[in-house]
Amino acid sequence: VPSCYAMRLTTICVPGTVFPAARSGHRCVADNGSLYVYGGYNPDFEENNGTVNMYYPLFRELWRYSFSSNAWTKMSTGGNFPTELASMSVLLHGKNLVVFGGTGVPFGDTNSNRISVCNLERKEWCEVSTSGELPQAIYGQAMVTCSGFLYVFGGTTGFEYNSDLHRLHLKDCVWEKLEAHKPPSGRYRHEVAYDDNRLYVLGGGTSWVCYSFDQIPAYNFSTRDWEEMPWLCICSNPGFLSFAGYPSARRCHSCAQYKNAVYICGGYNGWQIFDDIWKLALDTMQWTKLPATMPEPAYFHAAAITPAGCMYVHGGVVSIEENRRTSSLYRIWLVLPSLLELTWQRVNDLIPNLHKMSQDSLHSIGLPPQLMDRLKQ
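In terms of this note's numbering, the sequence shown is numbered consecutively and its last residue is 377.
Hints were generated in silico from the structure; no laboratory data involved.
Keep in mind that a hint or two might mislead.
With a Cα cut of at most 20 Å, we get these calculated PhoX-like pairs of lysine-lysine [what the hints assert, rightly or not]:
1. K123 / K74
2. K171 / K95
3. K74 / K259
4. K279 / K289
5. K123 / K376
6. K123 / K95
7. K259 / K289
8. K279 / K259
9. K356 / K376
10. K74 / K95
11. K95 / K376
12. K74 / K376
Distance ranges between label pairs, derived from CB positions [what the hints assert, rightly or not]:
13. T157 / V14: 45 to 53 Å
14. N220 / G16: 16 to 24 Å
15. S222 / F107: 35 to 43 Å
16. V105 / I320: 17 to 25 Å
Glycine is no exception: its CB is placed at the ideal position from the N, C-alpha and C atoms.
All chains, please: the whole structure from these sequences, using the hints.
Next comes the structure, spelled out in structure tokens:
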């Protein structure tokens with residue numbers, strides 16, 4: 001396998017006219033077989049597209065992009081689909097899409113502090129009943145699951161920015177507010193990452209300031225207090241690094257974690273939109289700027305990494321002056337694909353209608369069960 005296979009950014013061209021409209025403020029998650037795109041906002045959607053969106057300028061919808069068929073499907077779901085569809089937090093927990101917070105339009109008028117879950121197999125929404133010290137109704141916060149807890153940090157009501165850290169006990173759905181000395185400054189549209197020891201806060205800002213990456217605020221799970229983690233500059237492979245340092249201060253960037261590495265791309269600092277992609281190794285706190293860049297600078301976009309290590313990036317705002325949004329989708333392998341992934345891609349290339357075959361037919365060609373699971377709609 002050539003080493004250049006990784007770190008190459010590929011724009012995905014999907015045939016036909018069925019795909020999510022250009023949007024911003026949405027979120028996405030990925031499993032082995034699909035990318036799921038949830039919510040979003042576009043005030044120019046009707047005039048550009050001409051189709052009716054009864055929730056304009058928000059998108060009350062969930063889309064699925066199948067890696068195997070290279071096709072988008074707008075999923076039909078039952079239950080109580082949330083209505084706060086911009087700058088919410090979304091993650092994948094098993095087969096469940098977990099949504100917290102978010103705002104309607106006008107931003108800040110109708111915010112949420114509810115947790116909604118969509119089971120992706122049953123395609124059914126439900127609202128989770130929680131108790132305890134609930135977070136404010138906010139948007140632009142960041143969320144992760146770790147060691148049986150769901151952590152939520154920061155966000156805004158639309159009028160003030162907070163630095164609150166809450167966690168939800170996943171077993172009994174009880175919220176707890178974690179009080180600590182010297183929390184980071186209040187912010188929104190930051191991101192968070194984690195390892196066994198800490199929760200890390202990456203970037204973000206307010207309407208008038210963006211926060212730097214030279215010191216990364218980290219919540220220590222053991223001491224239950226905040227720390228400042230300095231970055232480490234080690235040019236161990238100068239040929240690979242295009243710049244030694246750390247990302248410029250920004251908000252509205254995307255962030256996705258793969259094992260102990262965190263990848264951020266794009267974002268906005270109030271006057272400039274970024275197109276760079278950075279990796280932070282949590283075990284060394286070393287930043288690396290990747291040689292790839294986004295096809296066009298974007299912010300308020302969404303990104304997710306598959307379990308195999310391929311990052312997909314979708315949508316976002318791509319012009320400050322025109323306030324223009326995109327529906328572009330592209331991917332970049334962050335690691336060398338395994339032999340299984342390379343073989344799976346080759347099988348899909350050779351049998352383009354694989355996703356339409358019956359279970360018996362798939363069995364007859366020797367497709368293993370874990371790959372058949374990727375074809376489920």
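How the hints compare with the structure:
{"no.": "1", "hint": "K123 / K74", "in the structure": "holds, 12 Å"}
{"no.": "2", "hint": "K171 / K95", "in the structure": "holds, 17 Å"}
{"no.": "3", "hint": "K74 / K259", "in the structure": "violated, 30 Å"}
{"no.": "4", "hint": "K279 / K289", "in the structure": "holds, 6 Å"}
{"no.": "5", "hint": "K123 / K376", "in the structure": "holds, 12 Å"}
{"no.": "6", "hint": "K123 / K95", "in the structure": "holds, 10 Å"}
{"no.": "7", "hint": "K259 / K289", "in the structure": "holds, 18 Å"}
{"no.": "8", "hint": "K279 / K259", "in the structure": "holds, 12 Å"}
{"no.": "9", "hint": "K356 / K376", "in the structure": "holds, 10 Å"}
{"no.": "10", "hint": "K74 / K95", "in the structure": "holds, 18 Å"}
{"no.": "11", "hint": "K95 / K376", "in the structure": "holds, 12 Å"}
{"no.": "12", "hint": "K74 / K376", "in the structure": "holds, 15 Å"}
{"no.": "13", "hint": "T157 / V14: 45 to 53 Å", "in the structure": "violated, 38 Å"}
{"no.": "14", "hint": "N220 / G16: 16 to 24 Å", "in the structure": "violated, 50 Å"}
{"no.": "15", "hint": "S222 / F107: 35 to 43 Å", "in the structure": "holds, 37 Å"}
{"no.": "16", "hint": "V105 / I320: 17 to 25 Å", "in the structure": "holds, 20 Å"}
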